[in-house]
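Required output: the full structure, derived from the provided sequences and hints.
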Amino acid sequence: MSTQVPEQESEAETEATETDLAETLPPAQQARMERKAEARADREQRAREEAEREASADENSYHLKVFRYDPEVEGKQEPRFDDFHVPFETGMTVLDALIHARDTFDSSLTFRHSCRQAICGSDAFFINGSQRLGCKTQLSELEEPVRVEPLPHAEVRKDLVVDMEHFYDQMEAVEPFFQTNELPDGELEEQRQSPENREKVKMSTRCIWCAACMSSCNIAAGDNEYLGPAAINKAYRFAMDEREGEDVKQHRLNIIEQEHGVWRCQTQFSCTEVCPKDIPLTEHIQELKREAVKSNLKFW
Amino acid sequence: MHEHDVIVVGAGGAGLRAAIAAQEEGADVAIVSKLHPVRSHTGAAEGGINAALREGDSWEDHAYDTMKGSDYLGDAPAVETLCKQSPNETIQLEHWGMAFSRDDDGRVSQRPFGGLSFPRTTYAGAETGHQLLHTMYEQVVKRGVTVYDEWYVTDLAVTDEERPEDRTCHGVVAYDISTGELSGFRANDGVILATGGPGQVYDHTTNAVSNTGDGVAMAYRAGVPMEDMEFIQFHPTSLPSTGVLISEGVRGEGGILYNAEGERFMFEYGYASNDGELASRDVVARAELSEVNAGRGIEDEYVHLDMRHLGEERIIDRLENILHLAEDFEGVDALEEPMPVKPGQHYAMGGIETDENGETCIAGLYAAGECACASVHGANRLGGNALPELIIFGKRAGQHAAGKDLGEAKVTTGQQGEYELGEVDSPVEPGAVDASGTDDAAADGGVRADASTADSEDVVDRAVEAERERVQALLDRDEGVQHAEIRSAVQESMTENVNVFREEAGLKQALRDIREARERYEDVFVNDPSRTFNTDLVQTIETRNVLDLAEAITLGALAREEFRGAHWRAEFQERNDEEWLKHTLLSWNDGTPELWYKPVILEGEEKRYEPKIRSY
Numbered sequence: 001m002s003t004q005v006p007e008q009e010s011e012a013e014t015e016a017t018e019t020d021l022a023e024t025l026p027p028a029q030q031a032r033m034e035r036k037a038e039a040r041a042d043r044e045q046r047a048r049e050e051a052e053r054e055a056s057a058d059e060n061s062y063h064l065k066v067f068r069y070d071p072e073v074e075g076k077q078e079p080r081f082d083d084f085h086v087p088f089e090t091g092m093t094v095l096d097a098l099i100h101a102r103d104t105f106d107s108s109l110t111f112r113h114s115c116r117q118a119i120c121g122s123d124a125f126f127i128n129g130s131q132r133l134g135c136k137t138q139l140s141e142l143e144e145p146v147r148v149e150p151l152p153h154a155e156v157r158k159d160l161v162v163d164m165e166h167f168y169d170q171m172e173a174v175e176p177f178f179q180t181n182e183l184p185d186g187e188l189e190e191q192r193q194s195p196e197n198r199e200k201v202k203m204s205t206r207c208i209w210c211a212a213c214m215s216s217c218n219i220a221a222g223d224n225e226y227l228g229p230a231a232i233n234k235a236y237r238f239a240m241d242e243r244e245g246e247d248v249k250q251h252r253l254n255i256i257e258q259e260h261g262v263w264r265c266q267t268q269f270s271c272t273e274v275c276p277k278d279i280p281l282t283e284h285i286q287e288l289k290r291e292a293v294k295s296n297l298k299f300w
Numbered sequence: 001m002h003e004h005d006v007i008v009v010g011a012g013g014a015g016l017r018a019a020i021a022a023q024e025e026g027a028d029v030a031i032v033s034k035l036h037p038v039r040s041h042t043g044a045a046e047g048g049i050n051a052a053l054r055e056g057d058s059w060e061d062h063a064y065d066t067m068k069g070s071d072y073l074g075d076a077p078a079v080e081t082l083c084k085q086s087p088n089e090t091i092q093l094e095h096w097g098m099a100f101s102r103d104d105d106g107r108v109s110q111r112p113f114g115g116l117s118f119p120r121t122t123y124a125g126a127e128t129g130h131q132l133l134h135t136m137y138e139q140v141v142k143r144g145v146t147v148y149d150e151w152y153v154t155d156l157a158v159t160d161e162e163r164p165e166d167r168t169c170h171g172v173v174a175y176d177i178s179t180g181e182l183s184g185f186r187a188n189d190g191v192i193l194a195t196g197g198p199g200q201v202y203d204h205t206t207n208a209v210s211n212t213g214d215g216v217a218m219a220y221r222a223g224v225p226m227e228d229m230e231f232i233q234f235h236p237t238s239l240p241s242t243g244v245l246i247s248e249g250v251r252g253e254g255g256i257l258y259n260a261e262g263e264r265f266m267f268e269y270g271y272a273s274n275d276g277e278l279a280s281r282d283v284v285a286r287a288e289l290s291e292v293n294a295g296r297g298i299e300d301e302y303v304h305l306d307m308r309h310l311g312e313e314r315i316i317d318r319l320e321n322i323l324h325l326a327e328d329f330e331g332v333d334a335l336e337e338p339m340p341v342k343p344g345q346h347y348a349m350g351g352i353e354t355d356e357n358g359e360t361c362i363a364g365l366y367a368a369g370e371c372a373c374a375s376v377h378g379a380n381r382l383g384g385n386a387l388p389e390l391i392i393f394g395k396r397a398g399q400h401a402a403g404k405d406l407g408e409a410k411v412t413t414g415q416q417g418e419y420e421l422g423e424v425d426s427p428v429e430p431g432a433v434d435a436s437g438t439d440d441a442a443a444d445g446g447v448r449a450d451a452s453t454a455d456s457e458d459v460v461d462r463a464v465e466a467e468r469e470r471v472q473a474l475l476d477r478d479e480g481v482q483h484a485e486i487r488s489a490v491q492e493s494m495t496e497n498v499n500v501f502r503e504e505a506g507l508k509q510a511l512r513d514i515r516e517a518r519e520r521y522e523d524v525f526v527n528d529p530s531r532t533f534n535t536d537l538v539q540t541i542e543t544r545n546v547l548d549l550a551e552a553i554t555l556g557a558l559a560r561e562e563f564r565g566a567h568w569r570a571e572f573q574e575r576n577d578e579e580w581l582k583h584t585l586l587s588w589n590d591g592t593p594e595l596w597y598k599p600v601i602l603e604g605e606e607k608r609y610e611p612k613i614r615s616y
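As you go down the protein sequences, you meet chains F and Z in turn. According to the UniProt record's numbering, the first sequence holds residues 1 to 300 in order. According to the UniProt record's numbering, the second sequence holds residues 1 to 616 in order.
Just so you know, not all the hints are guaranteed correct.
[Claimed, not checked] Chain F residues, not near chain Z, derived (Cβ > 12 Å throughout): (1) A37; (2) E59; (3) S61; (4) L95; (5) T180; (6) N218; (7) H251; (8) N254; (9) R264; (10) E291; (11) V293.
[Claimed, not checked] Estimated spans, in silico, between C-beta atoms of each pair: (12) Z:E578 to F:S140: 54 to 64 Å; (13) Z:E605 to F:E172: 41 to 51 Å; (14) Z:E561 to F:E143: 55 to 65 Å; (15) Z:E3 to F:E172: 44 to 54 Å; (16) F:D223 to Z:E3: 33 to 43 Å; (17) F:N197 to Z:R308: 24 to 34 Å; (18) F:S194 to Z:E578: 28 to 38 Å; (19) Z:R143 to F:H251: 11 to 21 Å; (20) F:S194 to Z:A294: 43 to 53 Å; (21) F:P184 to Z:E161: 45 to 55 Å; (22) F:S130 to Z:R54: 29 to 39 Å; (23) F:Q266 to Z:G403: 48 to 58 Å; (24) Z:E337 to F:N197: 29 to 39 Å.
It should be emphasised that the hints constitute simulated quantities derived from the structure, not laboratory data. Here the structure is a predicted model, which is why all the values come from computation and not from measurement. Quick reminder that beta carbons are idealized off the backbone N, C-alpha and C, glycines included.
Written as structure tokens, this is what we have:
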């Protein structure tokens, strides 16, 4: 399995976690957690049985296999897949199915989601073997059983929730903000931008930080310092904006040309394939490579 | 305990702008948000930003359109502030690099929107909110503002004086979603609520799942009135299956609405013979439902929005995002066929009562954006006026909280000056089931510190303790009702009874349903025992907030016996300026909502906005 579950922590780390828990959890609370875990296991069992019964009675249901893991709750520390049978309605997405499973069968099923219209970027999962947004993926387009897993190459916090810190750090490493030396004279004067230039950067501005690209990239999987497709695309968004001056552009090229920058990309197109906003990520990376070469040639 | 000068709760457009402004005034700022900032719902705004940027346009015209569009329930000082500052603030975004759509000469493009006398809606394709949210988050990163993401603020730390107007807010209590740790956040200068709208009160909404009205409910329970809550905007064009928004930009560019008979009903049935599809949102939403109710809807549910005649090039240039939404969520190729649309809950005109500096009646507590009511939208918000609201009042709240003198506000807050108490004929006793707050912390908003407590650290500590008890009580129960059941019962009742068309019997039914939900909430329990990313717990707390907001919306709607803007009543088909040119306010009074009114301010800086019949 490609998902990283931090179960093989070093001994020291495990001990520290246990001490923390013991210190902060009074015995009554621990007992409560255990009691609840038992009650919950019972309920889940019943819910699963119920789901199975419904599924056999109702041909119009979808079978989901959902990855489960919780570092704290007994019975969930060992990663597993839970089966859910969700009654199907036309237009139902994977996110709809997960919400139905959570609200009906098991309220501890955990995943991020918010806008359910492919703009907040919080519900990227590994669905039937590829990175997709849950809200944008129609159940009807998938083969059963539908496997829903957390994004590969990211640390799983719980169920489908992964740690995003590394992704955010890489995004921030490219100075992801507009920098210009020449502001127009008047407060109400725009820094004019040609429609053509706006068109050039348009696709790059559509990134919703869902991390699907990063998760699909073999290079990023092997090299933790690689900036990754999303961050390089962010650099592209500014480097190609004609309103930033030449000096800033050179500065940006220096950032993306570092050891773990654009040159690591091996043009496998996996990021481009999974991008839910159709951003030509691989092309953008290649274009930055060309820009970097051109700017280096100037000094020869 | 964490400590900062200014604490901003929420990281959408208003929160980010507030943080930037406070930081520019020299304050140490922290943002606390239950989502990562780029996940905020501002990113889903499509239409644009109204700003009088061009020759031939003026802020005065923008203000006039806004007052008229508000059906004269906007407060002129707030409206004029919005319209005057919008050009500068819009260009400020441009200076921060925001990818606006451009005209041939390189200037930012503008387009027509409903209810505007000039095409003054500045936009970035049909993804203006996404571009705005990311541009402002970039500025926050650039400035190194501290961001506590995935921290859920559950209560405010406010002193317990008798009158809310004498209280002070010293900070917030927040719950780290990823670890389950509950912490106090002390604010030396001020707390700014920027928590967005309450769309989850309804089951058919354009809003994100996270939009549960948390800030409004917290401020309400701390003593700040909720203002004009009955005014809920239903956007005329949401997709029937999901509620996903189809921007007004489609109609702005020339999109046409058809009924099942293929008639362009906005004109043919005379709903808005001058403006047609570009009438105000309340008008178009009512027209669509009237068609459906008259048997001229498609599948008895929706109407068609057609943009095919605009041509592929223009659609791709200005509305590309709409093609994706129609395809992904309705399976419709909008280049080839019309899109199904129906009204969906979209925006709350009402919210936390503030003045035009973003300040509430509680010292040190501010609110901005959709959670606040300044009030600029009155009874009906014009398309393209929400994004300027975020940036302008976000900025002002940030500046004021950080100590900048913005001059005295003309809008008053709290029960001071001219106000009258109101009555409402409720079929059930509204408010908390158990208001004592001691026996069952889950049912109440928590406990406030004693009036004698002067030390702000004590106030925050007390609030943390109260929240700890509340969370513990929720987690301790082994069985009971799950939040999802309670929430969906309320959502369905609200959509059934407190929608575009409202009548007394339905409103009373909704109040009974909300009461029943409150009683069931007494037995709410959290199934998931984990401290790691316990969304079950977060949603249970959110559901309590949904209940308070649903009740405020319904009570206000039942009390307002007239037809104004988005508020249509079967029994009252006329706008009644004699009696109802006033704001509805609800204050938390020992667990029961107290209803009162204050007059609307129609006096602008240089002129008075005389109410006129809105002839469409």
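Q: Confirm or reject the claim that Z:E561 and F:E143 have a C-beta distance inside 55 to 65 Å.
A: 57 Å, holds
Q | Interface-negative label, F:R264 against chain Z, beta-carbon threshold 12 Å | A | 23 Å, holds
Q: Starting from the hint 28 to 38 Å, judge whether the C-beta atoms of F:S194 and Z:E578 obey it.
A: About 56 Å separates the Cβ atoms of F:S194 and Z:E578, which means 28 to 38 Å is violated.
Q | Range hint 54 to 64 Å (beta carbons of Z:E578 and F:S140) holds or violated | A | 56 Å, holds
Q. Can the suggested window of 44 to 54 Å be confirmed for the beta-carbon pair Z:E3 and F:E172?
A. 24 Å, violated
Q: Using the beta carbons of F:N197 and Z:R308, state whether their distance is inside 24 to 34 Å or not.
A: With a Cβ separation near 30 Å, F:N197 and Z:R308 satisfy 24 to 34 Å, so the hint holds.
Q: For the range 29 to 39 Å, tell me whether the beta carbons of Z:E337 and F:N197 fit it or not.
A: Hint holds: Cβ distance 34 Å, inside 29 to 39 Å.
Q | Distal placement of F:N218 relative to chain Z, Cβ over 12 Å | A | Non-interface label stands for F:N218: nearest chain Z Cβ at 25 Å, farther than 12 Å.
Q. Is it true that F:S194 and Z:A294 lie within 43 to 53 Å of each other by Cβ?
A. Holds - the Cβ-Cβ distance for F:S194 and Z:A294, about 49 Å, lies within 43 to 53 Å.
Q) Do the Cβ positions of F:Q266 and Z:G403 conform to the proposed distance bound of 48 to 58 Å? A) 53 Å, holds
Q) Would F:E291 pass as off the interface with chain Z, using Cβ distances and a cut of 12 Å? A) Non-interface label on F:E291 holds, nearest chain Z Cβ at 19 Å vs cutoff 12 Å.
Q) Going by Cβ atoms, does F:E59 stay more than 12 Å from chain Z at every point? A) 22 Å, holds
In this structure, the hints that do not hold are numbers 1, 4, 5, 15, 18 and 22, in rising order.
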